[in-house]
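Trainee: Please model the complete structure; the sequences and the hints are all you need to start from.
Chain order of the listed sequences is B and G. Take the first sequence: its position 122, counting from 1, is numbered 122 in my numbering, and each next residue is one higher. Residues are numbered in my numbering as their position in the second sequence, beginning at 1, plus a constant of 211.
Treat the hints loosely; a few may be bogus.
Claimed, not checked - Quick list of the computed label-pair ranges, beta carbon to beta carbon:
#  : chain 1 : residue 1 : chain 2 : residue 2 : range
1  : B       : Thr79     : G       : Gly508    : 53 to 61 Å
2  : B       : Ala142    : G       : Pro375    : 39 to 47 Å
3  : B       : Arg203    : G       : Ile348    : 52 to 60 Å
4  : B       : His77     : G       : Gly508    : 49 to 57 Å
5  : B       : Arg134    : G       : His350    : 29 to 37 Å
6  : G       : Gln381    : B       : Arg116    : 19 to 27 Å
7  : G       : Glu373    : B       : Gly82     : 52 to 60 Å
8  : G       : Glu546    : B       : Asp47     : 31 to 39 Å
9  : B       : Asp47     : G       : Ile348    : 25 to 33 Å
10 : B       : Asp95     : G       : Leu370    : 29 to 37 Å
11 : B       : Asp95     : G       : Val229    : 51 to 59 Å
12 : G       : Val310    : B       : Gln69     : 57 to 65 Å
To be verified - Over 12 Å on every C-beta distance to chain G, these chain B residues come out as not near it, computed from the model:
#  : residue
13 : Asp63
14 : Gly68
15 : Ile90
16 : Ile128
17 : Val144
18 : Ala145
19 : Arg160
20 : Ala163
21 : Leu166
22 : Ala173
23 : Gly176
Calculated from the structure, these hints are not laboratory results. Cβ atoms here follow ideal geometry from the backbone N, Cα and C, with glycine treated the same way.
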Amino acid sequence: MKPQPPTGKTADPTVYIIDDDRSVRAALEDLLASVSLRAKSFASVQDFLAFDLPGAPACLVLDVRMPGQSGMDFLEHMTEYGLYLPTVMITGHGDIAMGVKAMKDGAIEFLTKPFRDQDLLDAVHRGIEADRTRRLREAANADVARRWASLSSGEKDVARLVATGLLNKQIAADLGVSEITVKVRRGHLMRKMNTRTLADLIRLLDRIQPT
Amino acid sequence: MTNSGKFKLERRLVLTIVLLPVAMVVIFVGDTVTDYAIAAAVFYTPVILVATRLLPAGTVVALAFACVALTLLSFVLTHSGAYEVGIVNTGISIVAIGVTTYLSLKLVAAEAAAHESRERLLRMARITSLGELTASIAHEVNQPLAAIATSAGACRRWLAQEPPAIANAQRAADRIVEDANRASAVIARVRGLASGKAPHRERFDFNALVREVVALAGERGERSGITVRLSLQHDLPAILADRVQVGQVVGNLLLNAVEAIEAKTGGAKTLEIVSETEDRNRIRFSVIDSGAGFRQGELEHLFDAFWTTKKDGVGLGLTISRSIVEANGGRIWAETGRDGGAIARFSLPAGMGAIE
Chain B
1 MKPQPPTGKT
11 ADPTVYIIDD
21 DRSVRAALED
31 LLASVSLRAK
41 SFASVQDFLA
51 FDLPGAPACL
61 VLDVRMPGQS
71 GMDFLEHMTE
81 YGLYLPTVMI
91 TGHGDIAMGV
101 KAMKDGAIEF
111 LTKPFRDQDL
121 LDAVHRGIEA
131 DRTRRLREAA
141 NADVARRWAS
151 LSSGEKDVAR
161 LVATGLLNKQ
171 IAADLGVSEI
181 TVKVRRGHLM
191 RKMNTRTLAD
201 LIRLLDRIQP
211 T
Chain G
212 MTNSGKFKLE
222 RRLVLTIVLL
232 PVAMVVIFVG
242 DTVTDYAIAA
252 AVFYTPVILV
262 ATRLLPAGTV
272 VALAFACVAL
282 TLLSFVLTHS
292 GAYEVGIVNT
302 GISIVAIGVT
312 TYLSLKLVAA
322 EAAAHESRER
332 LLRMARITSL
342 GELTASIAHE
352 VNQPLAAIAT
362 SAGACRRWLA
372 QEPPAIANAQ
382 RAADRIVEDA
392 NRASAVIARV
402 RGLASGKAPH
412 RERFDFNALV
422 REVVALAGER
432 GERSGITVRL
442 SLQHDLPAIL
452 ADRVQVGQVV
462 GNLLLNAVEA
472 IEAKTGGAKT
482 LEIVSETEDR
492 NRIRFSVIDS
502 GAGFRQGELE
512 HLFDAFWTTK
522 KDGVGLGLTI
532 SRSIVEANGG
542 RIWAETGRDG
552 GAIARFSLPA
562 GMGAIE
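Mentor: Here's what the structure looks like:
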């Protein structure tokens with residue numbers, strides 16, 4: 001499975017289910033279908049990893065105890081697979097320590113079987129929303145990065161110095177070019193970055209360069 | 212029972228308070244009047260040895276220091292004999308007292324640790340096997356239950372749609388039936404597991420078994436200051452049952468009784484263990500404790516699974532005891548004793564004739 005390419009368009013959300021119990025899988029799929037949510041279920045973590053995830057908002061419902069890689073273990077190492085799925089943990093024999101660990105590892109909910117159907121649906125909806133927000137943010141960041149990449153190196157230099165608050169005259173002196181050149185490059189870069197104000201530009205630069 | 216307990220305690224006190232100092236004074240006088248060459252002070256070591264059996268460690272250490280002080284005082288007061296020999300003998304005596312104190316305290320601590328770990332092992336064997344068993348049963352049953360609850364939720368939602376999605380709801384209901392059958396199959400399997408192991412019945416001497424178990428549990432009772440009275444009928448007929456299983460039940464009842472007595476503050480601490488013939492074909496075993504007894508309504512729940520009055524109990528001890536006794540053709544029940552404590556009893560069928 002490849003990390004899903006960030007796309008801006010909102011495709012239909014999907015709920016992924018990993019549980020080794022066939023009845024639980026069937027029941028969960030049906031419950032989600034009854035509220036018009038698309039679901040896809042897997043009997044093991046391995047099966048899930050073999051699947052190519054489409055770039056749509058998603059949420060994962062993950063059983064704790066399974067043969068092979070356990071749900072707890074998978075949750076802990078999910079980011080290493082390039083996965084950032086909001087995860088709802090479900091377990092047949094939960095205790096407080098397990099719940100705390102799951103939440104620390106980033107689960108958005110920890111439910112003990114048998115759980116209330118509404119609790120699961122609420123958690124799943126929250127997860128999908130969180131994933132949608134994350135995807136939109138990532139898509140916007142990717143867009144900014146693409147724009148930045150389209151700048152010439154001279155324009156990037158000017159952009160960096162502008163962002164530090166220098167005047168055109170100072171930038172020209174710094175880079176050893178004429179003030180006219182600075183003004184021209186500044187015009188180009190503002191257009192390429194699709195921004196009108198200096199404040200907007202600084203905000204965009206912050207997204208691609210965390211420094 | 213109460214009197215014998217008090218008497219025991221008093222005898223210990225007499226021994227501690229009177230005999231040890233008397234012995235020390237005698238040794239002191241002996242050490243002082245004899246000349247340097249006679250190392251009478253080494254006789255302080257038996258005093259220390261006795262003291263470690265009876266007194267707490269701090270007191271023993273204080274006593275050891277007192278012995279050392281007396282040894283030094285004797286050395287100062289003695290004027291006959293060779294002075295150098297006196298120094299050497301006094302040194303040897305002090306070292307002997309010190310080493311004896313250290314080693315005997317270590318020994319007592321090691322014994323206590325060994326006892327503790329043995330008790331923990333017994334308890335762990337009892338608890339963990341039950342805990343693991345129940346956890347896996349819970350997991351097995353929870354899977355279909357989760358599926359049932361979820362399918363029921365889906366079914367309700369299909370029906371609530373406008374128009375109701377009848378076919379989908381029906382499929383969900385079918386799954387519910389299927390999963391309910393699966394859950395009951397799990398239960399049937401567990402029951403089969405529990406009852407499948409038929410007791411291995413043999414004729415054996417019940418009293419001997421009781422004595423064995425009491426020896427195991429008795430140490431703990433003694434530490435808690437409980438007076439244990441055994442009244443085992445000497446011509447008890449042999450019984451026909453699974454010896455290991457019956458031993459578990461006896462141990463369980465004794466442990467319950469000891470815990471009940473420990474939990475109660477004040478009053479007598481007595482545990483009475485009785486074996487007798489109930490009629491020609493049955494023997495009866497009773498454990499009578501001086502604990503707080505049963506509260507209103509407790510008696511009827513006593514043998515229910517997962518029902519317990521103990522803070523960290525599992526609530527399966529008496530449940531399992533009952534299934535064992537019944538599997539061996541017996542009966543188990545509880546009563547309130549004359550002085551408010553609890554009585555746990557079971558009866559078992561006798562094999563023919565007494566054990567020779």
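Trainee: Hey, does B:Asp63 actually stay past 12 Å from chain G on C-beta?
Mentor: violated, 9 Å
Trainee: Is 31 to 39 Å right for how far apart the beta carbons of G:Glu546 and B:Asp47 are?
Mentor: Roughly 59 Å apart at Cβ, these two residues miss the hinted range, so it is violated.
Trainee: With 39 to 47 Å as the target window, see if B:Ala142 and G:Pro375 comply at their CB atoms.
Mentor: Between B:Ala142 and G:Pro375, where Cβ atoms are some 45 Å apart, the hint holds.
Trainee: Please check whether the beta-carbon of B:Ala173 is more than 12 Å away from every beta-carbon in chain G.
Mentor: The claim holds: B:Ala173 sits with its nearest Cβ about 70 Å from chain G, beyond 12 Å.
Trainee: Take a look at whether the Cβ-Cβ distance between G:Gln381 and B:Arg116 falls inside 19 to 27 Å.
Mentor: holds, 23 Å
Trainee: Far enough from chain G: is every CB of that chain over 12 Å from the CB of B:Ile128?
Mentor: Correct as stated: the minimum Cβ-Cβ distance to chain G is 18 Å, above 12 Å.
Trainee: Please confirm whether B:Gly176 is truly not at the interface, meaning its C-beta sits more than 12 Å away from all C-beta atoms of chain G.
Mentor: At about 70 Å from chain G, B:Gly176 clears the 12 Å cut-off, so the statement holds.
Trainee: Just to be sure I understand the hint, the distance between the Cβ atoms of B:Arg203 and G:Ile348 should be within 52 to 60 Å; is that true here?
Mentor: Because 58 Å falls inside the window, the suggested range holds.
Trainee: Given a hinted range of 52 to 60 Å, is it respected by the beta-carbon distance of G:Glu373 and B:Gly82?
Mentor: At roughly 42 Å between Cβ atoms, B:Gly82 and G:Glu373 fall outside 52 to 60 Å, so the hint is violated.
Trainee: Assuming the hint says 57 to 65 Å, is it satisfied by the Cβ distance from G:Val310 to B:Gln69 or not?
Mentor: holds, 59 Å
Trainee: Is the distance from the Cβ of B:Asp95 to the Cβ of G:Val229 consistent with 51 to 59 Å?
Mentor: Since B:Asp95 and G:Val229 have Cβ atoms about 57 Å apart, the given range 51 to 59 Å holds.
Trainee: Grab the minimum beta-carbon distance between B:Leu166 and chain G and tell me whether it stays above 12 Å.
Mentor: holds, 62 Å
Hint compliance for this structure: hints 7, 8, 13 and 15 are broken, all remaining hints hold.
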